[in-house]
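*Asks:* Each chain, written out:
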Amino acid sequence: MAVPTPAAGGSATHDLDIQAVRKRYGAFAAVDDLSFSVRRGSFFSILGPSGCGKTTLLRMVAGFIAPDAGDIVIKGASMRGVAPNRRPVNMVFQHLALFPMMSVGENIAYGLERRGIKGAAAKAKVTDMLQRVGLPGSEGKRIDQLSGGQKQRVAIARSLVLEPALLLLDEPLGALDLKLREHMKVELKQLQAEVGTTFVYITHDQSEALVMSDQVAVMNHGRFEQLGTPQQLYYQPQTAFVAGFVGNNNRFEGTIEARNGEQVLLRTASGMGLWSQRVGTLDVGQSATVFIRPEAIEIGRSPRELPEGAPAWSAGVQSVLFDGGNSTVQVLEDRSQTPLHIALPLTGRLADLQHGETVHFAYQPAQAWCFPA
Amino acid sequence: MSTATHRRFLLGVLLAPALLWLLGLVILPHVELLVLSLQARVGPGEYAASLDQYRTFMGEPLYWNTFVRTAVMSVLATVITLLLAFPAAWYIAKVAKGRARLVLLVLCLLPFWVSEMVRTLGWLILLRETGVVSGLLQAVGLADQPVELLYHDATILVGLVYASLLFMVIPLVNSLESLDDSLIEAAYDLGGSTANIVRRIVIPHAAPGIAAGCIVVFMLCLGNYLTPTLLGGKNSLWFTEQIYTQFITRFNWNQGAAFGFLLLFLSSLLVWAGLKLTGQRFGAVMKAS
Numbered sequence: 001m002a003v004p005t006p007a008a009g010g011s012a013t014h015d016l017d018i019q020a021v022r023k024r025y026g027a028f029a030a031v032d033d034l035s036f037s038v039r040r041g042s043f044f045s046i047l048g049p050s051g052c053g054k055t056t057l058l059r060m061v062a063g064f065i066a067p068d069a070g071d072i073v074i075k076g077a078s079m080r081g082v083a084p085n086r087r088p089v090n091m092v093f094q095h096l097a098l099f100p101m102m103s104v105g106e107n108i109a110y111g112l113e114r115r116g117i118k119g120a121a122a123k124a125k126v127t128d129m130l131q132r133v134g135l136p137g138s139e140g141k142r143i144d145q146l147s148g149g150q151k152q153r154v155a156i157a158r159s160l161v162l163e164p165a166l167l168l169l170d171e172p173l174g175a176l177d178l179k180l181r182e183h184m185k186v187e188l189k190q191l192q193a194e195v196g197t198t199f200v201y202i203t204h205d206q207s208e209a210l211v212m213s214d215q216v217a218v219m220n221h222g223r224f225e226q227l228g229t230p231q232q233l234y235y236q237p238q239t240a241f242v243a244g245f246v247g248n249n250n251r252f253e254g255t256i257e258a259r260n261g262e263q264v265l266l267r268t269a270s271g272m273g274l275w276s277q278r279v280g281t282l283d284v285g286q287s288a289t290v291f292i293r294p295e296a297i298e299i300g301r302s303p304r305e306l307p308e309g310a311p312a313w314s315a316g317v318q319s320v321l322f323d324g325g326n327s328t329v330q331v332l333e334d335r336s337q338t339p340l341h342i343a344l345p346l347t348g349r350l351a352d353l354q355h356g357e358t359v360h361f362a363y364q365p366a367q368a369w370c371f372p373a
Numbered sequence: 001m002s003t004a005t006h007r008r009f010l011l012g013v014l015l016a017p018a019l020l021w022l023l024g025l026v027i028l029p030h031v032e033l034l035v036l037s038l039q040a041r042v043g044p045g046e047y048a049a050s051l052d053q054y055r056t057f058m059g060e061p062l063y064w065n066t067f068v069r070t071a072v073m074s075v076l077a078t079v080i081t082l083l084l085a086f087p088a089a090w091y092i093a094k095v096a097k098g099r100a101r102l103v104l105l106v107l108c109l110l111p112f113w114v115s116e117m118v119r120t121l122g123w124l125i126l127l128r129e130t131g132v133v134s135g136l137l138q139a140v141g142l143a144d145q146p147v148e149l150l151y152h153d154a155t156i157l158v159g160l161v162y163a164s165l166l167f168m169v170i171p172l173v174n175s176l177e178s179l180d181d182s183l184i185e186a187a188y189d190l191g192g193s194t195a196n197i198v199r200r201i202v203i204p205h206a207a208p209g210i211a212a213g214c215i216v217v218f219m220l221c222l223g224n225y226l227t228p229t230l231l232g233g234k235n236s237l238w239f240t241e242q243i244y245t246q247f248i249t250r251f252n253w254n255q256g257a258a259f260g261f262l263l264l265f266l267s268s269l270l271v272w273a274g275l276k277l278t279g280q281r282f283g284a285v286m287k288a289s
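Note that the protein sequences, when read in sequence, are chains A and B. At position 161 of the first sequence (counting the first as 1) the number is 161 in this note's numbering, and the numbers step up by one without a gap. At position 206 of the second sequence (counting the first as 1) the number is 206 in this note's numbering, and the numbers step up by one without a gap.
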């Protein structure tokens, strides 16, 4: 099998280079002039809502769709005109696409056979791979005898056994129930660290992307809104879309009333004044949007519980949304009647809040972000 | 009457027409035929139990040859039908979308709006010595005298395949439709070539549909009377003709009944052998058809 050899020099530290790739369907740009690289051995996620073009992008890397313009370079070799069965990448499909007419062992051996690896050598590789994904001795099982999590592992084993330069994963956890999904997140991350293969993972679930990835790209309308570590996306969102899509956020619209260095004061239509960190070149008079995370807001029954120096407000409790560690309280700020979500402290200190109680809250302007509207 | 017996009574009433049909038109005549086939005439109006009818079949090479020839030609027609129907079914199930799909299926069905007799006579108009095809061949200079295209084995096969296509296409479309496209993509992604994917993924998935289509087409060919007679003429040597001759021309019902049973045995045997050879289970095949 002719696997393209890396060009001399090349991008030695990158397994995947996307160079100005574009794909249009009529007037709709599914992928719009996108360029990025994926570091060797990293877990790279593309996070975006459905219809953002992430699946199109992944299928272009796999070779099922040809880009209209631009080039996809894998391990230094251009993939232009290379068919999917000749690319050094393998894909884990959304619904896994295990072959029901074959046993677990035959599923994993399929790719090996196509490369001419047969008999004892193939058998040893299959046994080893099943061991690695925690399913030793399952060669003879039928696919319908496996649980959801086991199918997942077989699908990954079937791809990894071919030792691809890149493993593409198309929302493979989507069909699992919540508990199993949480478990598989950890497993996938561990597996990736063990085998060291570069993973490119697409998902609409921000938690999957944040937990597993070294790098996350947030995609919207065929472009990357931001590319960075999960921490960067969460603590330093660069666009309003990222701030709204990654994690939870309170969102306020209004006009900039004052500016003090990099901090701006936004006045909402209801009259609430909020200081925040500006992103870009916002200035007085412009309309803008402020995002404040529920977990960045301090809350207490009395103003004395709040840190000194930050502006504080009082509010009436509307409802308590208890969800274990993700519990929030919905309040209405007293003067402007602005609704807000505030995270409850994990110590359980305010677990007994009741509807109608008065609370006080404050936040650090350095933890709030203001984007042009 | 309790609800349970009431229910059973209702079920009985609803099933009665089907059961009567099965008993009156399938089981009773076959029992009668079996009895007839095991009798021989010993004098005017006198019959005795005997295996003579089957002995005649064994002893007469013409019967034997016709029997084997019918089986071989039917298998051949089934294989050709499968090869022709598979790409068409693939196109209808996987490539065509929406309206185009419906139109294609109707196109497959269209010939069946005309009676089998008329369809076969249509072939006669096309293929006879003074027919359309012969005239066309002479007009373009490929033949210098009228060509007789009827009364060949190939002509019989053409007619049988034509009459059977629909019965192959429908179960194939059904079984190919349920094949998840991502399985094909996955196999392709893992390095599979087109030929390998067809062999390892598509055919195993469609196997129950293939078997169902083959069984139906094979039975239709084996039991066909009109097509071999009209298109093959005197040379056709189809086993159903032998049965017809015994019953109608010779008025030898005992011999005809024995031939009928031999044909039933032959078709059952070949279907069983086909299922065994391809490792298919009868239940799965029946579900597909």
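Accuracy of the hints is not assured; some may be wrong.
[What the hints assert, rightly or not] If you anchor each label on the Cβ, the simulated ranges turn out as follows:
| id | chain 1 | residue 1 | chain 2 | residue 2 | range |
| --- | --- | --- | --- | --- | --- |
| 1 | A | 346 | B | 181 | 44 to 50 Å |
| 2 | A | 116 | B | 99 | 52 to 58 Å |
| 3 | B | 99 | A | 19 | 50 to 56 Å |
| 4 | B | 113 | A | 19 | 53 to 59 Å |
| 5 | A | 26 | B | 87 | 29 to 35 Å |
| 6 | B | 9 | A | 142 | 54 to 60 Å |
| 7 | A | 144 | B | 95 | 49 to 55 Å |
| 8 | A | 205 | B | 111 | 37 to 43 Å |
| 9 | A | 19 | B | 278 | 16 to 22 Å |
| 10 | B | 249 | A | 142 | 41 to 47 Å |
| 11 | A | 180 | B | 111 | 21 to 27 Å |
Simulated from the structure, these hints should not be mistaken for lab results. Values in this document were obtained by computation on a predicted structure and should not be read as measured data. The beta carbon of each residue, even a glycine, is placed where N, CA and C say it ideally should be.
*Asks:* Are the hints correct? Go through all of them and say.
*Replies:* Hint check results:
no., hint, in the structure
1, A/346 - B/181: 44 to 50 Å, "holds (46 Å)"
2, A/116 - B/99: 52 to 58 Å, "violated (45 Å)"
3, B/99 - A/19: 50 to 56 Å, "violated (40 Å)"
4, B/113 - A/19: 53 to 59 Å, "holds (58 Å)"
5, A/26 - B/87: 29 to 35 Å, "holds (30 Å)"
6, B/9 - A/142: 54 to 60 Å, "violated (43 Å)"
7, A/144 - B/95: 49 to 55 Å, "violated (29 Å)"
8, A/205 - B/111: 37 to 43 Å, "violated (53 Å)"
9, A/19 - B/278: 16 to 22 Å, "violated (50 Å)"
10, B/249 - A/142: 41 to 47 Å, "violated (57 Å)"
11, A/180 - B/111: 21 to 27 Å, "violated (53 Å)"
Violated hints, in rising order: 2, 3, 6, 7, 8, 9, 10, 11; the structure is consistent with all others.
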